[in-house]
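Engineer: If you want the building blocks of each chain, they are given just below.
There are 2 protein chains.
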Amino acid sequence: MRLNKGQLYIISAPSGTGKTTISRRLLKVLPNIRESVSYTTRSPRAGEIDTVDYIFVSVETFRDMLKNNAFIEYAEVHGNLYGTALATIQEVLSEGNDVLLDIDTQGARQIRNKHIKATSIFIIPPSIDALYQRLKKRNTESDEVIHRRVEKARDEVREGMLYDYIIVNDNLDQALRELSSIITANRVRGNCIDKDWVEKTFHI
Amino acid sequence: MRLNKGQLYIISAPSGTGKTTISRRLLKVLPNIRESVSYTTRSPRAGEIDTVDYIFVSVETFRDMLKNNAFIEYAEVHGNLYGTALATIQEVLSEGNDVLLDIDTQGARQIRNKHIKATSIFIIPPSIDALYQRLKKRNTESDEVIHRRVEKARDEVREGMLYDYIIVNDNLDQALRELSSIITANRVRGNCIDKDWVEKTFHI
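Protein sequences, first through last, are from chains G and Z. To convert, count from 1 in the first sequence and add 133; that's the numbering used here. To convert, count from 1 in the second sequence and add 133; that's the numbering used here.
Quick caveat, the hints were computed from the structure, so don't treat them as lab data. Everything numeric in this text was worked out from a predicted model, so none of it was measured.
One copy or two, it doesn't matter: identical chains are merged, so the pair holds either way.
30 Å max Cα-Cα, derived DSBU-like pairs, lysine-lysine:
1) Lys333 / Lys285
2) Lys328 / Lys138
3) Lys269 / Lys328
4) Lys285 / Lys328
5) Lys270 / Lys333
6) Lys270 / Lys328
Could you build the full structure based on these sequences and the hints that come with them?
Structural biologist: Pasting the structure below:
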């Protein structure tokens with residue numbers, strides 16, 4: 134009775150906001166949603182599986198795909214290229230599943246500029262101090278790196294104000310409920326129902 | 134961090150679809166949402182409390198309010214007048230609560246024509262037969278009345294296709310989750326966040 138079409142979701146957040154934790158839990162509790170698998174030119178790390186974690190390709194292949202407008206967004210990070218192929222997204226959507234695209238604000242902007250239909254969700258920390266404490270607790274980075282990340286977070290939050298939905302992660306369960314609600318609500322929008330089914334079922 | 138403003142929700146469904154059950158459960162599980170109290174010219178029934186179940190007024194008072202455009206929608210049912218006052222809605226919204234307005238498709242159309250900002254939700258039964266069985270099970274009405282109700286349901290479903298959201302009630306828990314998700318998602322829309330709070334918190 135629902136049109137068998139998935140929807141595209143973009144999720145972004147400053148580093149240390151808890152986006153990965155929330156996304157993983159979402160994929161566990163909500164059916165019919167998949168994470169998008171990116172293309173990358175970097176080498177697989179131990180344990181990484183091709184086509185599951187990333188689609189690993191050569192620089193030449195990546196550049197060819199880029200030339201052919203295969204990517205809806207891409208970025209260079211530490212000398213490696215990362216990109217989301219339109220074909221990957223379309224395949225998941227055509228199966229009737231939603232796609233969750235975990236990208237940064239620059240990738241989201243590329244998709245926005247291409248006028249690709251997507252629902253964008255930005256997660257913000259409850260405060261700068263909360264973000265600082267979270268990054269500090271990870272205990273993996275120097276004070277200088279943490280300081281830079283916090284500065285970057287500010288720019289990202291500014292850009293995040295352009296997103297369709299803004300979730301403040303001061304409580305993981307609540308944030309997860311809000312994220313899950315956005316997707317569940319979108320699935321019951323009036324334009325998602327199969328009007329033919331309604332007409333047949335109710336003889337109207 | 135959220136702007137302290139409630140939103141208006143219109144909920145409609147053909148008789149026998151389970152709307153009342155779903156709405157009652159929603160009001161129990163979701164905070165910050167209230168049912169709108171209607172004005173009526175009919176006499177209170179045993180146990181009904183003025184200003185809780187209805188605001189009971191004389192025909193003269195109702196007609197005066199009508200003249201002064203006090204109602205966003207009204208209807209005459211079995212010779213009695215029923216109406217939703219704009220002031221009632223505004224009072225609940227200004228307290229930061231959402232309002233749930235349980236009205237029929239004609240009332241919803243009046244609100245739509247007045248360009249009042251509202252999110253409309255229509256609940257449909259999974260089939261004509263399911264609706265028939267539900268009405269039959271109530272065991273309170275003659276076959277003829279049930280037949281008329283089913284005929285009316287068809288017209289309502291046709292009108293329901295104009296609503297923002299359409300929930301198919303073939304499972305009460307799922308329908309409740311969908312209704313609750315619509316409201317929760319609306320609360321985290323980007324335009325609901327207090328930009329001043331964000332600017333102050335993140336020094337941007």
